[in-house]
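**Student:** Protein chains in written order, with my numbering: chain V, 1 to 80; chain X, 1 to 80; chain P, 1 to 733; chain B, 1 to 222.
Possibly wrong hints are sitting among the right ones.
[Said to hold, decoys possible] No farther apart than 27 Å at their CA atoms in a straight line, the calculated lysine-lysine pairs in the DSS-like style are these:
| hint | chain 1 | residue 1 | chain 2 | residue 2 |
| --- | --- | --- | --- | --- |
| 1 | P | 137 | X | 64 |
| 2 | B | 75 | V | 64 |
| 3 | X | 2 | X | 64 |
| 4 | P | 57 | P | 280 |
| 5 | X | 40 | B | 109 |
| 6 | B | 187 | V | 64 |
| 7 | V | 53 | X | 64 |
| 8 | B | 187 | B | 75 |
| 9 | P | 208 | P | 196 |
| 10 | P | 137 | X | 40 |
| 11 | V | 59 | X | 40 |
| 12 | X | 53 | V | 2 |
| 13 | P | 682 | P | 604 |
| 14 | P | 137 | V | 19 |
| 15 | V | 2 | X | 10 |
| 16 | V | 73 | B | 129 |
| 17 | P | 23 | P | 351 |
| 18 | P | 331 | B | 187 |
| 19 | P | 551 | P | 562 |
| 20 | X | 40 | V | 64 |
| 21 | X | 40 | V | 73 |
| 22 | X | 2 | V | 10 |
| 23 | P | 208 | X | 73 |
| 24 | P | 383 | P | 458 |
| 25 | V | 2 | V | 59 |
| 26 | B | 187 | B | 132 |
| 27 | P | 196 | P | 318 |
| 28 | B | 129 | B | 187 |
| 29 | V | 19 | X | 2 |
| 30 | V | 10 | B | 109 |
Just so you know, these hints were derived from the structure itself, not from any lab.
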Amino acid sequence: MKARVFVTLKNGVLDPQGKAIGHALNNLGFDAVGNVRQGKLIDIELTEQDEAKAHASLKAMCEKLLANTVIEKYEIELRP
Amino acid sequence: MKARVFVTLKNGVLDPQGKAIGHALNNLGFDAVGNVRQGKLIDIELTEQDEAKAHASLKAMCEKLLANTVIEKYEIELRP
Amino acid sequence: MTVITPEIVREHGLSPDEYDRIKQLLNREPNFVELGVFSVMWSEHCSYKSTRAHLRKLPTTGPLVIQGPGENAGVVDIGDGDAVIFKMESHNHPSFIEPYQGAATGVGGIMRDVFTMGARPVAMMNALRFGAPDHAKTRHLVSGVVAGIGGYGNCMGVPTVGGEVNFHPSYNGNILVNAMCVGLARTDKIFLSAAKGSGNPVVYVGSKTGRDGIHGATMASAEFNEDSEEKRPTVQVGDPFTEKLLLEACLELMATDAIIAIQDMGAAGLTSSSAEMGDKGGSGIELNLDRVPQREENMTAYEMLLSESQERMLMVLKPGREPEAERIFAKWELDFAVIGVTTDTKRLVIKHKGAVVADMPITALSDEAPVYQRPFERKAAPKATQPAFDAARPVMASLLRLIGSPDLCSRRWVWEQYDTTVMADTVQVPGGDAAVVRVHGSNKALAISCDVTPRYCKADPFEGAKQAVAECWRNMTAVGATPLAVTDNLNFGNPQRPEIMGEIVGGIDGIGEACRALSFPVVSGNCSLYNETNGEPILPTPAIGGVGLLKDVRRMATVAFKRAGDALLLVGDTKGHLGQSIYLREIEGREEGAPPPVDLAAEKRNGDFVRGLIEQGRLDTVHDISDGGLLVAITEMAMAGSIGAELTFGDAAIALLFGEDQGRYILALPASEAARVLGEAKAAGVSMSSLGVTGGDRIAVKGAGDAPLAKLRAAHESWFPALMSGGELPPVN
Amino acid sequence: MKSAVIVFPASNCDRDAQTALAEITGTPPHMVWHAETEVPDVDLIVIPGGFSYGDYLRCGAMAAQSHIMRDVMKKAEAGVAVLGICNGFQILTESHLLPGALLRNADLKFVSRPVELVVDESQSAFTRKYSKGERVRFPVAHGEGNYFADEETLNRLEGEDRVVFRYAPGDNPNGSARNIAGILNEKRNVLGMMPHPERACDPLLGSTTGRPLFQSLIDTLS
Ligand SMILES: Nc1ncnc2c1ncn2[C@@H]1O[C@H](COP(=O)(O)OP(=O)(O)O)[C@@H](O)[C@H]1O
Ligand SMILES: [Mg+2]
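So here's chain V without its partners, still in its complex pose (with noise of 0.2 Å):
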């Protein structure tokens, strides 16, 4: 099974990536760019075939490790 899990900045968090990109985009003519934030997104390969156990497996491993819950927050997509 694979997933993919996105993390993103949580609302008010700064985020001085995201800026400079809208930034950039705007200096480059893209004038209907409004607001623009940066996250990440990772892709996992899992040997789990449970669809319920791998969503549980990977939100484990967000609040572990993959998601710094002060500042980010994460949705998990499973692709069987």
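Place chains X, P and B with the ligands on chain V using the hints.
**Tutor:** Positioned in the frame of chain V, the structure of chains X, P and B with the ligands alone reads:
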């Protein structure tokens, strides 16, 4: 309109971060974890209303700035 | 089995003649794998086929030289059982294609060259050349290259302590990224690459092999054209984390006596490292590719042999020592695999999936590689007549323009992205004449500098190369160090063009002459040729990286003025040579004339005198005069110390203030001492004169007005940030 | 004073900390490999700077999960002094021994230069040899030193006098909230800071204003 852009390393390009994350997850006891690859996600708010136009514009942003097409590939997801 | 057509041979960068030679050496047609191996081993990058005959003319020995060119890096004795090990290498083409990763892997590669010999890297330098500041790609390349150098070096925990940055349109399509690594080892713990003996295990350590940079070595030897940007997937990604582990693991194993030979896998990876080890050891090597740790599936023998995956090493161990070595690499979580054995056949034999896929005599790959006496034309040296200039231009306005110009402005934007002080031994950070790094736990220190003035080399390759060596020697001297030896990085265009070959030959001869005269032998180096885009070559750029020794780091000089009221003395003759000067280019808008000639005897006499004063503890403030001339040098000293200067010349002529005559230094020292020093100089036959006195908050030249330091500093510091933030740049002529 | 320096894969200021501690305390510190499970019995644990695990994923995230950090947490809880410098500070926030997080520098570039700091709190085991308001000069060298915490946490840190070092006004190299350069935990025995006091202990290297930090610890702990 909102868009999410995924930027990931092309196949075959070494991903030191992904490797280290996979290793760390194994060390934490997540034995089911195999290959791990890390990428970026970029959330963009757009004033553009037309889907086709938004898509074309996002593609241009990726080619010009968001992805380093020497080593990275990208996917675009519109979230109207 | 791929049939080898002339087309395939050409794609491998081999000429029809070279291919015939391969058939002769093998007594048969090579197979595709063997062709790949020959193509990288016989590439310019690995074989030095255009330059080898000329490089032999360089002086490479000296009483302190332990190892000259031929190994991974040069080794020089610095006393007390310590040795300094250093080398410079280019990563030009990869950095143009992908600046961050290209520069990063360049840093990683040169560090491996140094620690593979048993040294702990203690300092990094970088010599960078970019295109015109307003060229569309320049800003992107500068930011990527600098971030890449920092990204790798900072993670390794090795301070990056200096370098050079130039801008010139000739580098628009061919930037230069030359990185130098300096390491320290004990003289009785130096590791070489000769795989001696037969029946010894050949061991692979480090990262897994992927399809990275296949044909990178061949690419580095081919001229750029419009579609080489298509060769993109050959880019390698650096992994400084793994390299740091590899460094620590190698040093840990080196503390034992298990290693017979060790060699990093650089350009052309497994192929060149095994061939070189076998060649130097006079032995054969047999490898079984099935045992190579692999990152990707279904890799062919061709791909594995030519892969340039980074952070890998090849070692030959004493038989039976594998478990001990494996334990160390396991501790550092690195791959470890016995992939072969040394033999007495002098052949490189490669097995894959149960079959022999390549079998070649090692000498055919190395000794028998072609050496060319390429035809060359050395153009006549330009006439040393003074170029025309407007003698009525206001001096201070010109000074302000120069001090804020692309080649003379502060490089702070660059070096603040490098960890300059990690390892807690950096005594002089960037901004001075030479970086100074203490030998840990002692009062000795190394002085390091990288120098070359490409516009001089273009006008006159011989004099320009001499000047590069002299300036490097002078920079070591200016901090009080005794120059020890140099490494070089010879960056030129296409050697198959006689005029470019003439620049190469002239450059090498110039380096040779200066190094001989200054007892400054060349102990390592690197050539990067084919730096051309669509037939436009770069300026000839033979970068010189020098290392010197301060016996007592407490007796050292820096450029900053330290006291108001010090007397300013000028060492060396000032004739006002404006040919090829920055003044001529930036103010008059012309690049013309001959470069300033270097009188090597005067250079040595003046330098030895200045160094003597520093060593005696009588002099702590020195700056050599280089780009921009006398007034620029004084201004740099004033800005560094936040103390101004008042200068009195008999005749404040533009040529005297901005000419770039060689062999000169400015000294600042208390007035009472100055009188004595003037007397001693006279007795020693060293030309010396008084310039004025330090003090105040401006640079004032009698008869030519003054300029406030604050204004000069603003100009000096603002150009680079303005370039990088995309702000308005001051006009360039 | 007995001390220990924790070494992670790709720590790189471990030797700098070792050198400063050996010289100033007169006793070489224990160098403790991350895979070990227990820190020896010491008065001070230093988590040095560097790029543990390559700074991959997030700076300090993987080191925070290591075996040895479990024991460091236990010892910190028991009152042993812990000093995290640079990457060490990141590891301490990632292990929640200190509040907040260190984000990418506001201008997105690695920054390496001397900075001027103001000692904002001298009533601590780490700073008693300084006086409040004193200016010191330490090098910084980091890409992610931009201190972030929510307003409530920041107010609390200030209210409890737990902000020990601040970047002098106008010399904030990374965009840190309220110019914060170093903070204490609630029990005041754990200090995390981005600047490098261990690189400011030798006159040859330009500044000795880091020495009083180690001398404060000697005074308090021996
Ligand atoms: N790429 C770089 N990285 C670090 N330091 C640099 C770099 N380029 C220039 N510098 C530093 O800026 C200062 C001025 O450089 P340069 O004008 O080339 O010196 P010099 O004329 O004495 O050779 C030197 O201290 C040098 O080390
Ligand atoms: Mg100089």
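**Student:** All the hints need checking, so say for each whether the structure fits it.
**Tutor:** Here's how the hints hold up against the structure:
| no. | hint | result |
| --- | --- | --- |
| 1 | P:137 / X:64 | holds (13 Å) |
| 2 | B:75 / V:64 | holds (21 Å) |
| 3 | X:2 / X:64 | holds (19 Å) |
| 4 | P:57 / P:280 | holds (22 Å) |
| 5 | X:40 / B:109 | holds (18 Å) |
| 6 | B:187 / V:64 | holds (25 Å) |
| 7 | V:53 / X:64 | violated (41 Å) |
| 8 | B:187 / B:75 | holds (12 Å) |
| 9 | P:208 / P:196 | holds (26 Å) |
| 10 | P:137 / X:40 | holds (24 Å) |
| 11 | V:59 / X:40 | holds (19 Å) |
| 12 | X:53 / V:2 | violated (32 Å) |
| 13 | P:682 / P:604 | holds (15 Å) |
| 14 | P:137 / V:19 | holds (23 Å) |
| 15 | V:2 / X:10 | holds (17 Å) |
| 16 | V:73 / B:129 | violated (42 Å) |
| 17 | P:23 / P:351 | holds (21 Å) |
| 18 | P:331 / B:187 | violated (36 Å) |
| 19 | P:551 / P:562 | holds (23 Å) |
| 20 | X:40 / V:64 | holds (20 Å) |
| 21 | X:40 / V:73 | holds (15 Å) |
| 22 | X:2 / V:10 | holds (17 Å) |
| 23 | P:208 / X:73 | holds (23 Å) |
| 24 | P:383 / P:458 | holds (14 Å) |
| 25 | V:2 / V:59 | holds (14 Å) |
| 26 | B:187 / B:132 | holds (20 Å) |
| 27 | P:196 / P:318 | holds (10 Å) |
| 28 | B:129 / B:187 | holds (19 Å) |
| 29 | V:19 / X:2 | holds (16 Å) |
| 30 | V:10 / B:109 | holds (22 Å) |
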